[in-house]
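Student: Build the full structure now, drawing on both the sequences and the hints.
There are 2 protein chains.
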Amino acid sequence: MSKILSVDVGGTKILYSVLDEKGNFLTEIKRLSTPKNINELINIFKNIINSYEREIDAIAFATAGAVNLSNTRVESSTPNMPKGYNSLDFTTLTNKPVYIENDANAAAWAEYKTGAAKGENNTITITLGTGVGGGFIVDGRLLRGKSGRAGETGHIKINGRNRRCNCGGKNCFESYASGTGLKITAQETAQFDEIFQSSIYKNKLPDDITTYDIIEGVKQKDSYSIKVFNIWKHDIITGLICLTNIFDPESIIISGGMGEFLNYEEIEKAVNSENVVSPVKIKPARSGNYSGMIGAALLAYEKLLYNKK
Amino acid sequence: MSKILSVDVGGTKILYSVLDEKGNFLTEIKRLSTPKNINELINIFKNIINSYEREIDAIAFATAGAVNLSNTRVESSTPNMPKGYNSLDFTTLTNKPVYIENDANAAAWAEYKTGAAKGENNTITITLGTGVGGGFIVDGRLLRGKSGRAGETGHIKINGRNRRCNCGGKNCFESYASGTGLKITAQETAQFDEIFQSSIYKNKLPDDITTYDIIEGVKQKDSYSIKVFNIWKHDIITGLICLTNIFDPESIIISGGMGEFLNYEEIEKAVNSENVVSPVKIKPARSGNYSGMIGAALLAYEKLLYNKK
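Chains as they are written, first to last, in our numbering: chain Z, 1 to 309; chain E, 1 to 309.
Note that these hints are calculated values from the structure, not bench results. Certain hints may be false.
[What the hints assert, rightly or not] Here are the computed distance ranges between Cβ atoms for each label pair:
#1 N121(E) <-> T72(Z): 47 to 53 Å
#2 T130(E) <-> K36(Z): 53 to 59 Å
#3 G257(Z) <-> N166(E): 33 to 39 Å
#4 Q197(Z) <-> T130(E): 57 to 63 Å
#5 T130(E) <-> R286(Z): 39 to 45 Å
#6 L69(Z) <-> R31(E): 49 to 55 Å
#7 L93(E) <-> P279(Z): 57 to 63 Å
#8 N263(E) <-> G84(Z): 39 to 45 Å
[Stated by the list, open to error] Not close to chain E: a few residues of chain Z, all C-beta gaps over 12 Å, as computed:
#9 N24
#10 T27
#11 L41
#12 F45
#13 I48
#14 N80
#15 L88
#16 N95
#17 S198
#18 Y201
C-beta atoms are modelled at their ideal positions from N, C-alpha and C, and glycine is treated no differently.
Tutor: Right, here's the structure in full:
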């Protein structure tokens with residue numbers, strides 16, 4: 001049995017545990033806050049590694065940001081991470097073999113190897129949360145692109161309404177399909193649609209309406225909330241059709257907090273009624289919040305250890 | 001030296017010649033009209049094969065329509081082709097090894113192996129003609145998807161204007177970026193924009209304005225034509241940003257008749273000012289009208305002959 005220390009590094013928290021080559025957790029999952037300072041972060045990494053170094057075969061990191069093609073560094077800017085994070089060469093942290101991967105890619109790998117897309121060689125995992133991310137498996141391999149930055153699902157363009165995205169562009173999928181996107185759609189609809197006058201939220205200022213309000217409003221059968229929710233759902237369907245037509249995948253797996261509000265049967269039917277390739281399955285993710293750790297551990301095993309057995 | 005008979009089968013014409021394993025033409029390129037009847041088409045194939053069968057090692061077909069994963073049959077409906085085309089097993093035409101590939105995929109392979117994207121392992125070739133097609137090279141391999149239908153570039157969604165596409169969907173890239181798309185944009189602009197009143201085409205009915213009129217109008221500095229052309233260009237740029245953000249490719253190659261009206265430097269600059277991955281090169285195709293034959297021949301060589309040497 002191989003033992004891989006796997007560390008999931010996000011903008012707010014760090015999760016870590018030791019896993020075997022099948023993605024089973026061998027130790028308790030531990031959690032720390034992500035510090036704002038790069039030296040503190042490096043110290044945390046070193047401390048974590050120190051505690052397990054004697055018993056493990058390799059170290060895996062799932063991290064925010066795009067990872068270089070040799071899987072040793074974060075390449076692209078990651079505004080939520082400490083300054084200097086991009087210049088850290090992860091292989092200098094330890095003498096053990098190290099493998100790092102983007103967290104969305106790691107999550108997609110976890111779904112492909114042990115989760116909802118198990119055995120499906122062409123599959124996409126989309127994360128619908130505060131933002132929108134994605135990882136693509138093409139013929140059983142991770143889509144990385146020329147510089148490791150491929151898979152920016154959040155920044156495909158959809159049939160939009162001239163909405164500005166955080167990336168500086170317009171009409172990006174993320175600006176509509178994320179939780180934040182739902183909120184903006186809610187606020188726009190409150191401002192410009194008469195249906196708001198009969199809503200349970202009519203006494204709120206449009207800018208104060210939240211994602212949660214809409215989810216709650218749908219439960220209470222509020223017409224305004226249902227309208228907003230349906231626009232959001234339609235935006236998601238448009239993005240999924242777009243991805244289906246390019247990749248002809250066996251499945252699209254949805255992870256992230258916003259995914260739990262979707263009716264998968266309905267979404268799958270809508271995507272398949274318009275796609276021009278062949279039917280795709282749309283399924284909820286199964287690996288949960290630990291998919292980054294699982295995927296990174298499985299990738300580290302495959303890339304660093306498997307061939308040496 | 002290997003000799004591959006390569007046949008490019010389109011909705012209106014059939015092109016064929018014998019090529020070597022480097023994509024060089026060894027015989028005159030011949031051309032026939034595509035018949036409307038499947039039996040006539042099969043007879044044409046058999047006659048072509050008969051004329052060369054003794055001297056060749058394999059037969060390649062580049063064809064309209066999606067091709068199955070074993071590269072023996074056309075899978076998806078191809079309205080321009082004779083009825084029954086989808087049930088033809090190409091391997092029954094001859095005792096020689098046969099390899100068939102979608103024409104856009106073959107064209108992308110030709111650009112990758114011998115054309116504008118030579119040596120670039122992550123590259124996309126887009127055809128801008130009456131419609132929009134595409135072929136994707138990911139880490140040196142053709143993107144095929146679960147059923148061979150991947151790469152339906154024409155049916156990604158862009159930030160559209162609620163335009164209906166031939167596929168039944170809305171706001172597909174093809175409905176804006178194709179030659180037909182340019183014409184529809186011209187007609188819509190003529191109907192709804194005052195700028196048309198001062199155009200050199202003001203005495204035409206909007207429905208009579210053609211793609212050619214706009215290209216000609218731009219040359220004559222007609223403001224209406226320039227406006228229409230710029231909308232079309234912006235639609236193309238939007239689609240290219242979308243593809244760049246998913247694939248992080250080294251290059252996007254543009255082929256097809258409409259490609260010659262683009263300023264590549266300008267398009268590349270616009271795409272790179274908005275993409276969130278890393279800079280991509282946008283270049284005109286180099287393999288021309290014979291890219292289908294070249295790409296199919298190179299693929300047939302690689303898949304059928306190379307390993308047997």
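Student: Take the hints in turn and mark each one as holding or not.
Tutor: Hints versus structure:
{"no.": "1", "hint": "N121(E) <-> T72(Z): 47 to 53 Å", "result": "violated (20 Å)"}
{"no.": "2", "hint": "T130(E) <-> K36(Z): 53 to 59 Å", "result": "holds (55 Å)"}
{"no.": "3", "hint": "G257(Z) <-> N166(E): 33 to 39 Å", "result": "holds (38 Å)"}
{"no.": "4", "hint": "Q197(Z) <-> T130(E): 57 to 63 Å", "result": "violated (48 Å)"}
{"no.": "5", "hint": "T130(E) <-> R286(Z): 39 to 45 Å", "result": "holds (44 Å)"}
{"no.": "6", "hint": "L69(Z) <-> R31(E): 49 to 55 Å", "result": "violated (44 Å)"}
{"no.": "7", "hint": "L93(E) <-> P279(Z): 57 to 63 Å", "result": "violated (31 Å)"}
{"no.": "8", "hint": "N263(E) <-> G84(Z): 39 to 45 Å", "result": "holds (40 Å)"}
{"no.": "9", "hint": "N24", "result": "holds (29 Å)"}
{"no.": "10", "hint": "T27", "result": "holds (35 Å)"}
{"no.": "11", "hint": "L41", "result": "holds (24 Å)"}
{"no.": "12", "hint": "F45", "result": "holds (26 Å)"}
{"no.": "13", "hint": "I48", "result": "holds (30 Å)"}
{"no.": "14", "hint": "N80", "result": "holds (15 Å)"}
{"no.": "15", "hint": "L88", "result": "holds (20 Å)"}
{"no.": "16", "hint": "N95", "result": "holds (30 Å)"}
{"no.": "17", "hint": "S198", "result": "holds (27 Å)"}
{"no.": "18", "hint": "Y201", "result": "holds (28 Å)"}
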